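Number of protein chains: 2
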Amino acid sequence: MNSIRASKTVYGRLIRNNIRLASTTSKKPSKVLTLDTMHPLIKNVEYAVRGAVPIRAEALSKQLQTDPSKLNFDKVVFCNIGNPQQLNQKPITFFRQVASLCENPELLKPENRQLVSKLYPADAIRRAELLLNKIGSIGAYSHSKGIPFIRENVAKFIERRDGYKANPDDIFLTQGASEGVQKVLQMLTEHSKTGIMIPIPQYPLYSATLSLVDAKPVPYFLKEEEDWGLNRKDLERSLHEARSKGVDVRALVIINPGNPTGQCLSEENMRDIIDFCHTERIVLLADEVYQTNIYQPERRPFHSFKKVLKSMGPEYQEQELFSFHSISKGMIGECGRRGGYFECVNIDPDIMDQLYKISSVSLCPNIHGQIMVDLMTNPPVEGDVSYPQYKAEVNAIYESLRRRAIKLASCFNKLEGVTCNNAEGAMYLFPRIRLPEKAIKEAEKAGMPADAFYSLAMLDATGVCVVPGSGFGQEPGTYHFRSTFLPEEHLFDQFCSKLETFHNDFMKKYRD
Amino acid sequence: MNSIRASKTVYGRLIRNNIRLASTTSKKPSKVLTLDTMHPLIKNVEYAVRGAVPIRAEALSKQLQTDPSKLNFDKVVFCNIGNPQQLNQKPITFFRQVASLCENPELLKPENRQLVSKLYPADAIRRAELLLNKIGSIGAYSHSKGIPFIRENVAKFIERRDGYKANPDDIFLTQGASEGVQKVLQMLTEHSKTGIMIPIPQYPLYSATLSLVDAKPVPYFLKEEEDWGLNRKDLERSLHEARSKGVDVRALVIINPGNPTGQCLSEENMRDIIDFCHTERIVLLADEVYQTNIYQPERRPFHSFKKVLKSMGPEYQEQELFSFHSISKGMIGECGRRGGYFECVNIDPDIMDQLYKISSVSLCPNIHGQIMVDLMTNPPVEGDVSYPQYKAEVNAIYESLRRRAIKLASCFNKLEGVTCNNAEGAMYLFPRIRLPEKAIKEAEKAGMPADAFYSLAMLDATGVCVVPGSGFGQEPGTYHFRSTFLPEEHLFDQFCSKLETFHNDFMKKYRD
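If you read the protein sequences in the order shown, they are chains A and B. Quick note on numbering: the first sequence equals residues 1 to 512 in the UniProt record's numbering. Quick note on numbering: the second sequence equals residues 1 to 512 in the UniProt record's numbering.
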C-alpha cells in the first residue's frame with residue numbers, strides 16, 4: 001500500500017469525523033460505510049462470471065415473470081456459468097440416495113428397514129450407514145480439514161488415479177475448489193510485490209482473488225492459434241519481465257483442462273512446466289477441476305500434475321504443488337453443495353499447520369459437500385447393485401456433453417467472422433469474434449468493451465447469457481465470449497439457430 | 001504495512017532468489033513457501049477454540065483408539081466448541097425430513113408417493129415440494145446472496161420477530177454466521193488504522209478476523225461482577241483512548257447473548273449502545289446467533305438490535321447496523337451444514353452491491369445451509385401435522401439446556417477459588433479460577449498462560465476439553481476458561497463430579 005495515500009486517507013477521515021461531530025446542523029449525515037471508506041481492495045475486485053451481463057440477465061429473468069410482452073424470448077438461458085443442474089442436468093441417483101439417507105437417519109432404523117429397502121438399493125443403505133458411523137451426526141462441525149475417513153478415501157482415489165502414494169494428512173476438504181484456491185493464493189502473498197502467474201484468458205476467480213489479497217497477477221498468454229496451448233518460452237518471457245520490474249514471482253497457476261479455453265495439456269508440455277517451476281523456484285497451482293471432462297481421450301487424455309511430477313527424476317521430488325478438485329464439475333455437477341478438496345504435495349509442514357489454523361477460523365467445510373467428495377472419489381464399482389445405473393448415468397451425461405461441445409463449436413465456426421477451437425476438455429467454448437468497426441465504435445460510445453456490447457445485444461435478442469472475453473482477459477485487439485455448452489440437448493438445435501439469427505442480424509446492423 | 005520493512009522483505013527475497021538461482025551445488029534447496037515467506041497476517045492469527053488445547057484433545061482422541069491404557073479416561077468430551085450434535089443432541093425431525101426429501105426428489109414422484117407417505121408426514125412432503133419448486137435443483141449454484149424465496153421468508157421472520165418491516169434485498173444468506181462476520185469486518189477495514197470495538201472477553205472469530213484483515217481491535221471490557229454487563233462509560237473510554245492514538249474507529253461489535261460470557265442485554269442498555277453508535281458515528285455489528293438460547297426469559301428476554309433501533313426516535317433511523325444469525329445454535333444446532341444470514345439495516349446501497357460482488361466470487365452459500373435457514377425461520381406452526389412433535393423436541397432441548405446451564409454453574413461455584421455467573425443466554429459458562437502462585441509459576445516455566453496450563457491439566461486428567469480464558473481475552477491478572485454446557489444430561493452428574501475431583505487434586509498439588 002502506498003503509505004502517503006494511506007495516511008491521507010486516515011487523516012482525511014479523522015478530519016471528516018471531526019467536522020461531522022462538530023456540526024450541529026440538522027443536515028442528514030452521510031453514511032459511515034461508503035464507497036469512499038470501504039476496504040479499497042474489495043472495490044477493485046472484478047468478477048465477470050457474475051458481472052454486468054449476468055446481472056442484466058437476472059433482471060430480464062424477473063421481467064419475464066412480470067412483463068414478458070416486451071421481451072424477444074420466453075426464457076433466459078444461463079450460459080455464463082458452469083452450472084449443469086440449473087439447466088436440468090439430472091444428479092447421479094446413487095449419490096443423492098446416499099445423501100438423503102444421511103440426512104434422515106430415522107430411515108435406517110430397523111422398524112423402517114422394510115419400507116426403505118423398497119425405495120433405496122442395498123448399497124446406498126450400506127454406504128449411508130458406513131458414512132454415519134464414521135461421521136457421527138452430519139449436523140456437527142467436523143475436523144477443520146475435513147472428516148478423516150473421507151480424507152482417507154480421497155487419498156486412495158488419488159493413489160488409484162496416479163499410481164503414487166497420497167497421504168490423507170496432505171488433503172484439505174473445502175467448500176468448492178474456489179475456497180481452496182483463495183486460501184492458497186492468500187497464503188502465498190507475502191506482500192504487494194508478490195507475483196502469481198496466471199493464464200490469459202483465465203477464470204476470473206484468479207484475478208479477483210489476487211486483487212483482494214493485493215498480489216500482482218503476472219499474465220502469460222495462451223496461444224489461440226495453437227489450440228490454446230502454452231509454451232515454456234512464453235512462461236519465461238512473462239516471468240523475466242515481471243522480475244525485471246521487481247515483482248517477486250512465487251507461483252504459477254495452470255488450469256488443466258482449461259477454463260475458459262478448454263484445452264488439455266500433453267504430458268510432455270506438463271513436464272516442461274514442472275521443469276520451469278523447478279528451475280525458477282515457483283510453486284505450482286494446478287486447477288484440475290475438469291479432470292473428468294475430457295472429450296478427446298485418445299489424443300488428449302488427462303494427466304494430473306502430481307502424477308507427472310512423481311514420474312520425473314529425483315531432482316523434481318521437492319517441487320511444491322497444490323492440486324485442486326471439485327464436486328461441481330465432471331458428470332456430477334453438484335455446484336450448489338459447495339464441496340471440493342486440495343492436495344498439498346511437498347508443502348512445508350509449517351505451512352500446512354497454518355492452512356489448518358486458518359481453516360479452523362471458518363470451523364469446517366460443510367458436511368454435505370464433504371459427503372459428495374467421498375462419493376465422487378469412491379463411486380459404485382463393478383459388482384455393486386447400483387453400478388449399472390451409475391455407469392449408465394455418467395456415460396449418458398458424458399456422451400451428451402461431448403456431442404454438445406462439437407455441435408456448438410461447429411455452430412460458432414459457421415458464423416461470419418467467428419472462429420472457435422474445439423473443446424478438448426471442461427465445459428466451455430471461447431469463440432473469437434471479429435466485430436465490425438461500427439460495432440466497436442458504438443461500444444466505445446456506450447463506455448463498454450466491444451465484446452460486452454456484443455454479449456448484451458445477444459442477451460437482449462435471444463435471452464442467452466454469455467460472458468464477454470474481456471472478463472477473462474484476451475490478446476489486446478481481439479474479442480471473444482465464453483459460453484458453456486450446457487443447454488439441454490433436445491433444445492440444442494433451437495439454441496444454435498437462435499444464436500445464428502442474432503449474429504447475422506448483428507453483423508448486418510453494424511457492417512462496415 | 002511498514003513500507004521499509006516491506007521493501008526489505010522484497011529485496012531480501014529477490015537476493016535470496018538470485019543466490020539460489022546462481023548456486024549450482026546439489027544442496028537441497030529450501031521450500032519456496034515457508035513461515036518466512038508466507039502471508040504475514042495469516043501468521044499472526046490466533047484461534048483458541050481450535051487452538052493448543054483442542055489440538056491436544058484431538059491427539060488424545062486418536063490415542064484412545066490405538067493405545068487407551070495410558071489414559072485416565074475412556075472418552076474425550078469436547079466442551080471447547082458449541083457443537084451440540086457432536087455430543088448427541090438429536091436434530092429436529094421435521095427439518096431433517098424436509099432436507100432428505102429435497103436431496104432425493106425421486107421420493108416425490110407419484111409412483112413412490114404411497115410408500116413415502118408412510119415414512120414422511122404430509123407437511124414435510126409439501127414443504128419439500130414447495131422448496132424444490134422455488135429452488136429448482138438443490139445441486140445448482142443459487143443467486144450469490146441466496147435463494148430469493150428463502151430471503152423472502154427470512155424477511156417475514158424478522159418482521160414477525162420485531163414488528164418492523166424487513167426487505168429480502170437487505171438479506172445475505174451465508175455459510176454460517178462466521179462467513180458473514182468475516183465479510184463485513186473486511187468491508188469495514190479501509191486501512192490498518194481502522195479500529196473495530198470488540199468485547200473482552202470475546203469470541204475469537206473477531207480477533208482472528210481483525211488480525212487477518214489488518215484492522216485494529218479496540219477492546220472494551222465486560223464487567224464480570226455485574227453479570228458481564230457493559231456500560232456506556234466503558235465504551236466511551238475505550239473509544240476515546242483509541243481515537244487519541246490515531247485509530248479510526250468505525251464499528252462496534254456486540255455479541256448478544258454473549259459468547260463466551262452468556263449475558264443478555266436489557267433493552268435500556270441496548271438503547272444506550274445505539275445512542276453511543278449514533279453519537280460517535282459508528283456502525284453497529286450485532287452478533288445475535290444465540291437469540292433463542294435465552295434461559296431467564298422473564299428477567300432478560302432477547303431483543304434484537306433492529307427492533308430496539310426501530311423503536312427509537314427519528315434521529316436514529318439512519319444508524320447503520322448489521323445483524324447476524326445462524327442455524328448452528330438455538331435448539332437446531334445444525335453446525336455442520338454451515339448456514340446463516342445477515343441483515344443490512346441502513347447500509348449504503350453501493351456497499352450492498354460490493355457485498356454482493358464479493359459474495360459472487362465464492363459463487364453462493366451452500367444450498368443445504370440455505371434450506372435450513374428457511375426451516376429455522378419458517379418452522380411448523382400450530383395446526384400443522386408436524387407441529388406437536390416439533391414443539392416437543394424444541395422444548396425438550398431448551399429445558400434440558402437450561403437445567404444443564406444451572407447445574408454446571410452450581411458445580412463450578414462449589415469449587416475452591418472458582419466463581420461463575422449464571423448463563424442468561426448462549427451455550428457457555430466462563431468461570432473465573434483463582435490459581436495458586438505455584439501453578440502460575442509452573443505455567444510460566446512451561447511457557448503458557450496459567451489458564452492454558454490448568455485447561456491442559458483438566459484435559460489430561462478427565463478428557464474434558466475446554467478453552468482457556470486467554471483465548472478470549474480477560475482482565476489482566478484474572479484466569480478463566482470457557483466450557484459449553486452441552487454434555488448429555490444423563491451423563492452430567494458424572495461429568496460434574498469428574499471436574500470436581502480434578503479441581504481438588506489440582507489445587508492440592510499446587511497449593512501455596
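Don't read these hints as lab results, they were simulated from the structure. Where hints are given, some of them may not hold.
Note: identical chains are not told apart, hence a pair may lie in one copy or across any two.
[Claimed, not checked] Distance condition first, Cα-Cα at most 30 angstroms in a straight line; then the derived DSS-like pairs of lysine-lysine:
no.	residue 1	residue 2
1	Lys391	Lys245
2	Lys75	Lys90
3	Lys156	Lys441
4	Lys134	Lys118
5	Lys438	Lys216
6	Lys216	Lys118
7	Lys90	Lys109
8	Lys70	Lys509
9	Lys43	Lys118
10	Lys414	Lys75
11	Lys357	Lys307
12	Lys357	Lys414
13	Lys118	Lys90
14	Lys43	Lys216
15	Lys508	Lys438
16	Lys441	Lys165
17	Lys414	Lys245
18	Lys109	Lys70
19	Lys216	Lys508
Keep in mind that this is a model prediction, so the values were computed, not measured.
Comparing the hints with the structure gives:
1. Within a single copy, lysine 391 and lysine 245 get their C-alpha atoms no closer than 53 angstroms, and across copies no closer than 66 angstroms, so neither meets the 30 angstroms cut-off.
2. With identical chains, the CA atoms of lysine 75 and lysine 90 are at most 30 angstroms apart within one copy only, with a shortest distance of 20 angstroms there and 43 angstroms across copies.
3. Proximity of lysine 156 to lysine 441 under the C-alpha cut-off of 30 angstroms is found in neither arrangement, the shortest distances being 56 angstroms within a copy and 48 angstroms between copies.
4. For a Cα distance limit of 30 angstroms, the shortest separation of lysine 134 from lysine 118 qualifies both inside one copy, at 25 angstroms, and across copies, at 29 angstroms.
5. In this homomeric assembly, lysine 438 and lysine 216 never come within 30 angstroms of each other (Cα to Cα): the closest approach is 35 angstroms inside a single copy and 53 angstroms across copies.
6. Neither within a single protomer nor between protomers do lysine 216 and lysine 118 lie at most 30 angstroms apart by alpha-carbon distance, with minima of 57 angstroms and 59 angstroms respectively.
7. Both within a single protomer and between protomers do lysine 90 and lysine 109 lie at most 30 angstroms apart by alpha-carbon distance, with minima of 29 angstroms and 14 angstroms respectively.
8. In this assembly of identical chains, lysine 70 and lysine 509 lie within 30 angstroms of each other by CA distance solely inside one copy; the values are 21 angstroms within and 83 angstroms between copies.
9. For the identical chains of this complex, lysine 43 and lysine 118 are neighbours neither inside a copy (55 angstroms) nor across copies (54 angstroms), given an alpha-carbon limit of 30 angstroms.
10. Proximity of lysine 414 to lysine 75 under the C-alpha cut-off of 30 angstroms is restricted to the intra-copy arrangement: shortest distance 25 angstroms within a copy versus 68 angstroms between copies.
11. In this assembly of identical chains, lysine 357 and lysine 307 lie within 30 angstroms of each other by CA distance solely inside one copy; the values are 28 angstroms within and 37 angstroms between copies.
12. In this homomeric assembly, lysine 357 and lysine 414 never come within 30 angstroms of each other (Cα to Cα): the closest approach is 53 angstroms inside a single copy and 36 angstroms across copies.
13. When the C-alpha separation of lysine 118 and lysine 90 is checked against a cutoff of 30 angstroms, the pair qualifies both within a copy, at 22 angstroms, and between copies, at 26 angstroms.
14. For the identical chains of this complex, lysine 43 and lysine 216 are neighbours both inside a copy (16 angstroms) and across copies (21 angstroms), given an alpha-carbon limit of 30 angstroms.
15. Taking the closest pair of Cα atoms, lysine 508 and lysine 438 come within 30 angstroms of each other only inside a single copy of the chain (11 angstroms); across copies the shortest separation is 89 angstroms, beyond that limit.
16. In this homomeric assembly, lysine 441 and lysine 165 never come within 30 angstroms of each other (Cα to Cα): the closest approach is 57 angstroms inside a single copy and 47 angstroms across copies.
17. Taking the shortest Cα distances, lysine 414 and lysine 245 never come within 30 angstroms of each other, neither inside one copy (44 angstroms) nor across copies (67 angstroms).
18. Taking the closest pair of Cα atoms, lysine 109 and lysine 70 never come within 30 angstroms of each other, the shortest separation being 55 angstroms inside a single copy and 36 angstroms across copies.
19. In the homo-oligomer, the alpha carbons of lysine 216 and lysine 508 never lie at most 30 angstroms apart, since the shortest distance is 42 angstroms inside one protomer and 59 angstroms across protomers.
When held up to the earlier numbered hints, the structure conflicts with 1, 3, 5, 6, 9, 12, 16, 17, 18 and 19 and fits the remainder.
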